[in-house]
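Chains as they are written, first to last, in our numbering: chain A, 1 to 277; chain B, 278 to 660.
Careful, some of the hints might be misleading.
[Said to hold, decoys possible] Keeping only pairs whose Cα atoms sit at most 27 Å apart, straight-line, the calculated BS3-like set for lysine-lysine is:
1. K9(A) with K281(B)
2. K281(B) with K476(B)
3. K276(A) with K476(B)
4. K271(A) with K281(B)
To be clear, the hints were calculated from the coordinates, so they are not data collected in a lab.
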Amino acid sequence: MTETFTSRKYLRDMSLPFCVGCGCITLINHFLRAVHELEYEDLSKFVFCSGIGCAGWIPSPYFKADSIHTPHGRSIPVATGVKLLRPDLNVVVFGGDGDIAGIGVGHLVHAARRNLGIMVVMVNNMIYGMTGGQVAPTTPIGIKTTTTPYGSFEQPLDVIRLVAAAGASYVARWTTAHDEQLKEALKKAIAIKGFAFVEVVSPCPTALGRRAGFKDVAEMFRWFRDNSVLLEEAEKMAVEELASKIVVGEYVDRKIPTFTETLFETIREAKKSAKKN
Amino acid sequence: MTRKVISGTHFWQGNKACAEAAIVSGCRFFAGYPITPATEIGEHLAYRLPQVDGIAVQMEDEIASLGAVIGASWTGAKAMTATSGPGFSLMQELIGYAFMTETPCVVVDVQRTGPSTGQATKCGQGDVMQARWGTHGDYASIALSPNSVQEMFDLTIRAFNLAETYRTPVVLLADELIAHMREQIISPQSDQITVTNRKKPKPTDKAFFNGDDVAPMPSVGEGYNVPITGSTHNEYGYRFTADRAVHRQLVENLVGKVRNNSEKIVDYETNDFNDCDVGIVSFGCTSRAVYETVDLAKKKDITVGFVRLKTIWPFPEETVRNIAKNTKVIIVPELNMREVFYEVERVVHGYVPVIPLNKIGGGEMITPEELLAKIVESVKKVD
């Protein structure tokens, strides 16, 4: 790795569509840096799938790569079809919390259960940003959104624990304030064979920050940093203490058979027995 | 049993004929979700596809099934799913995506009664308009309607060929009767079967969408760096969500590639309907009563001509107009509350009376006697 990193190498010559302060820009940098450090000269060994929402625009069409921009919530099924036919490619899904954990949560659980060898990066900004700030399945209780003008009254979903319980080889959560840890998690997720899920807690100053009372993106950034608790520490803390904390770290890192491994083994056996008959 | 074409004469179930025809067509990926009366297609392909280097998976629902099929198609594989009404409803979202992204794939809808769960095991023909207008926006559909086990085989092959030729989803609009029936079927030698493959791009090509003619289709992982999106896009795949001209051109091409080729796509069966008293326009299971009805009517000195739709979409307008010009009244029998009837009325445009004959519930067929009674009644009316 003699060459210095530049994200431009992997990006089309277009201006990105994200708001000032959006975490998606930070994530693009970290992801492409991870790609660079894994010594991929270009993105020809990658296929990107994304759905609807701001995070769906991360690869499509800005990455110099094949990208399939699907309807809302359907990136994981489409990625499944790609991966089964092309297990040699890195199939990476980008999506927001609404796309992945709202409308697409059924697909997420089943891809994790199968330990399908794709990587899902969920940008959790705790809000529906693109449609202008409606309550999401991840919005903390009490936050005022355009569809909860008196404050959200729903329990948010801990997506990480859901995915960890369903299956998956690798599950991690970091915020955009955790540069090095996030980049390392993305590297691991690219390299690992089974289902890899990285939740990136990410600032949306436009749709969430101003409603949640943050004066600017820097304050959101500081809140992420100061309010995050490492998983190992969180395990020693009381539930009440953790109520408003972001628990970050590696939740799962295990070697279990992947979907394509067991599928292709079954196909080999089927062909053998068919020939005998 | 690693053969790709099991040539010879067989006594097969309609769903099995469809599954075997998919393999013949080069289908190497199936994703589906169990649903009566289409399940046997997925079951048979789960058994057969691994033997011929294919993959069959059961997904978590019908949406995911078509999603996986679309992903597989973009790797260059021919891919299919099979379902019935409730699943077909769920698939409409991604059928629209397949239209918009020009993704070849085959969706088998084995019709049962509806709406909703209806009578899950009973035959119906209520999805005709859904096969045309099921997803939102502007597009043109192709839907084929088999009326025998042999046609479950033949039209499945045709469905794949049309999907590949026009880069579009194609619906095989079967029904419970045809799908569950067992009949003699002849599977030809492999050199007797025409299999069409999508046009691939040259290494220098950059325009993969929205062609005046059907654009060549790259696969992911081939180095073309193709952006694929359900948003309005230009010929290179780049999103254009504000430009009126780009959207118009895209949609006109999507509709045009089917509409302008409808003469090549349309297929039907007729008898000699010149100077007949009565014309019958039918399709699918219902059409099986028509042949006997023609004979029964002859004994009563009533001549009956018929058009049987093998493609429902695009609608065989010319032929239907033609039978109207050669008969005094048209009867449209179907197992629904009038769907093809309205299309026939539109095409015939008042030239002769069009009379519906509808039956729903319990999976009961329209019998030749019922059809004959309607013929006798209609002839009296127009005389």
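Now the hints, each set against the structure:
1. Pair hint K9(A) plus K281(B) does not hold up; C-alpha atoms about 45 Å apart against a cutoff of 27 Å.
2. For a cut-off of 27 Å, the pair hint linking K281(B) to K476(B) stands: about 23 Å separates their Cα positions.
3. Distance check on the hinted pair: K276(A) and K476(B) sit about 37 Å apart at the alpha-carbon level, beyond 27 Å; violated.
4. A distance of roughly 13 Å separates the Cα atoms of K271(A) and K281(B); the hinted pair therefore holds under the 27 Å criterion.
Going down the numbered hints, you'll see the structure goes against 1 and 3, while the others check out.
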